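Engineer: Sequence:
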Amino acid sequence: MDLPTLWFGIIAFLFIGYFVLDGFDFGVGMSIPFLGKDDVDRRVIINTIGPIWDLNETWLIVAGAAMFAAFPEWYATLFSGFYLALLLILLSLILRGVSFEYRHQRPEASWKRRFDAMIVIGSAVPAFLWGVAFGNIVRGVPLDDGFNYTGTFFDLLNPYALLAGLTTLLLFFTHGTIFVSLKTDGALRQRARRLATRSGVLTIVVAASFLLWTTLAYGSFLSAVLSAVAAVTLIAAVLANSRGREGAAFASMAATVAFAVLGLFLSLFPDVMPASNDPANSLNIVNASSTPYTLQVMSWISLIALPLILAYQGWTYWVFRKRVTRAHIESAQAAH
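With my numbering as the guide, the letters of the sequence shown map in order to residues 348 to 683.
No wet-lab data here; the hints were simulated from the structure.
It should be emphasised that the depicted structure is a prediction, and the values quoted were computed from it without experimental measurement.
Each hint should be verified, as a subset may be incorrect.
Listed next, the in silico DSS-like pairs over lysine-lysine satisfying Cα-Cα at most 30 Å (straight line) [as the list claims (entries may be wrong)]:
{"no.": "1", "residue 1": "K384", "residue 2": "K669"}
{"no.": "2", "residue 1": "K459", "residue 2": "K669"}
{"no.": "3", "residue 1": "K459", "residue 2": "K384"}
Construct the entire structure; sequences and hints are all you get.
Structural biologist: Structure representation (structure tokens):
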């Protein structure tokens, strides 16, 4: 395997990690108005991701940095052409992070409601726009011979990309509600399980449509196989959730997201940004990559850094593995 191919795989791995981990964060945030019957419920829901949401977001930072260093032409074309969409994602992530930190700073119900609304918006917008962005990358966008995007923001809102956005929105919502059922108890756990089952059925329909479209229009044999596996694991997740097996359901949803994203990357390979107007203008792993020396240095750094990141992430999830309960929140309120 040559170095550009290796780094294409590493970037795919980083984005898979980001969508699997921050994906359920988005779903938890979006579930607040559906599952939070009172302020205690809403605090329980938020606390399920309280210790880990910012750690999950670091995968995006690492993925962006790796793309910038390994494939600077890809990074430049993507971030300039998709500037408005990515800016909206960034602002939404900032809005969500600020809301997590400021929500509990004042006791007024109106104060908390405003920040709850911002958490929902800050979760839903990235969940949708990430799908739109990757849908356009797979579909291809108009590029000139200097690899500059020549379309507009509204050109990105085509039917295929919008279906991709709806698919990621529903996938992450179901992923998050399953996580809430995994991390809570009592009535909230039961409500989350019922909601995940209902949203899961809708997700199966929408995701199957998107995966079929991707396979027929842009896929390869291997990406088609991965899409089929993603469909099977999605159905398995919904069935496991309906039977109260939250652990198996969450693992299956994580596998669904992972296989779906991997399938999209394999649909691209060896391109990284196909040109819809002229294949000669497409960016691929050769004309978009850094020098061999840069990739070699990065490979040695990642060999050291990636295991440490994975070990720290695993340790964090182990430490905060217990369920969050209403009794815990109520006792904390009584102590204050």
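Engineer: Hint by hint, say whether it matches the structure.
Structural biologist: Outcome of the hint check:
no., hint, in the structure
1, K384 with K669, "holds (22 Å)"
2, K459 with K669, "holds (25 Å)"
3, K459 with K384, "holds (14 Å)"
In the structure shown, no violation is registered for any of the earlier numbered hints.
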